[in-house]
Amino acid sequence: MAKISNKYWASIDIAIRHQLAQRGQLVGRFFLYLVIVYLFHQVFNSVQAPASRLWYLAITEWIILSAPPLAFQLAEDINSGQIAYFMLRPMHFLSLRLMECIGAFTVRFILLGVSCVGLGIYLTGYFPTDILTWLIGICFGILSVLLYNAILILIGLCAFWLRDIKTLIYLNLTATLCFGGLIVPLSFYSPLVKTISFCTPYPWILWWPAEFMTGGHVNVFLALMSWGIWMVLLWGLIIFLYRKGIQSFVIEGG
Amino acid sequence: MLLYGCLYKIRLMNAILVENLRKCFLTPLPSTGSFSQRIKNMLRPRYQEITAVNNISFQVQAGERVAFIGPNGAGKSTTIKILTGIMQPTSGCVKVLGNDPAADRKCLAYQIGAVFGQRSQLWYHLPVQETLTLLAAIYDIPKREYQLRLKMLAEKFNVTSLLTKPVRQLSLGERMRCEIIASFLHKPAVLFLDEPTIGLDITAKAIIRDLIRKQSEQEGVTLLLTSHDTDDIEKVCDRVIIIDQGQLLLDNSLHNLKTQYIKKRVLSIITEEETIVWKKSGVLVLEQSPHHLKIEIDMMQHTVESVVSELLENYTLKDLTIEGPPLEAIIQMLYVNGKNK
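From first to last, the protein sequence lines stand for chains X and P. So the number in my numbering is just where the residue sits in the first sequence, counting from 1, plus 74. So the number in my numbering is just where the residue sits in the second sequence, counting from 1, plus 83.
Chain X with its partners taken away, still in its complex shape (with noise of 0.2 Å):
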């Protein structure tokens, strides 16, 4: 068990000294938060919306932009037929980018964390709840990130049979942004809409954490709930499509 985890830990602490040996990238990443966050700060004065309407944002765009790449990730191993380099090692080809996925995450939630609670303060001059609240909102955007991955994962198991990913990509995403609630929260939204996006899982990936730190009214019950059950749904179909996906595959470049 103790190996297992060191497997586990030693993939995440070299996906974290990856990420922190790219600071090009990371600076990149903070600048393009920064963007989106000033320009929706500048929208949404022009209607007088409430200040919580940017703290929201500022929450799932955090949320997003944390999420590496992992589909593309995927796609590209099966895709390269690097994934055999992968298999030939005593550790699960999913996992292991997962956990990989996970490192680099942490580094990317840290940096742009501390950007959203500096700029939602600098921007909004205030603060939408107490420390507690954050804390456990944080502990529930991880979990929404897991379950956002799930959904990465799935997409970039599609290459075995699709090889390009991209069309899914850009479908993952609108669905992210429609039925997650990325810009306004799903209150706003039609009773249909509502009911629709809440029976897709993008709500409990950006919706739930956003509302639970901006001080909204969730059911954090029902939500945990939900998050388990698509986390069980998604993760059942990714080891049938793993399995299957394998069986079937010719690496490239034979």
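Keep in mind that the hints are not guaranteed to be accurate.
[Unchecked claim] Which residues of chain X face chain P? A partial, calculated answer using Cβ under 7 Å:
#, residue
1, 91
2, 156
3, 161
4, 165
The hints are simulated quantities; they were obtained by calculation from the structure and are not laboratory data. As the structure is a computational prediction, the values presented were derived from the model and not from experiment. Virtual Cβ for every residue (Gly too), placed ideally from N, Cα, C.
Using the hints, position chain P against chain X.
This is chain P only, laid out in the frame that chain X set:
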């Protein structure tokens, strides 16, 4: 004691055993015809069976260095993927170090290694040592053992000063040496090498070949090398297995391959006599100058010994060189013969 017992067992048995191996793939047929037919094909695609590996059998003893070669699309990569457990065979028996690769892939992973010349296992932006530390954790190498092993390999491969450099700052030759260290780190009993010298300059190639061979000799590592560079084969391996169109064309020692398939030999002599007059059927004069003669002997008509004896009877030889055709020419001939069959 138990460990030595196990090692002894491994030494005794075949490192690789392949019996009647077959691997077929189903590939969808391209949809042709009218629009409705295309739609029909899309909904219910038709498949054709392609046999990538067709009934091949061979054995590799522990510690052997074998070149596993063939033209593009011959079935080499498919066979290696089956041997490493990545793919399952359609039929036949495969054992690597006594394990069924597909069923015991995780267990086997601790005992095998791979070097793919066109791919990297090193983290690009990080120092080499970071990747090696990760691999040590993945292969459950105890810390102290890892440090000793790394020190030994780094000294042997002359990369001690490179370990702290980010991979992106290394030359291709330096990177390749580090890749090989990464593959030898967990003391694999079998190492699969796929084009390990591709893209390297002549000096780097020579160093890599030498290091691989020496390391294999010292630790008794079984090597299975695939390469289109015949120098890799000559410098690293003792045995050659050639496959083409999924079938075994040849399985022989490198020495036998050279002696059996050489149809012509080139003889260069330097004599004390200035003028050399030489005419004989089955012997072609390639070059002639004062004191020097270069001839090509047809081995079907003469032996080298008979030609040399005849020369010695008539001339005083100061120097004599016998050349065979390069291995590349022999392999090319075998590929052509295989295709014609």
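Taking the hints in turn, this is what the structure says about them:
no. : hint : result
1   : 91   : holds, 6 Å
2   : 156  : holds, 6 Å
3   : 161  : holds, 5 Å
4   : 165  : holds, 5 Å
Every hint, counting from the list given before, is met by this structure.
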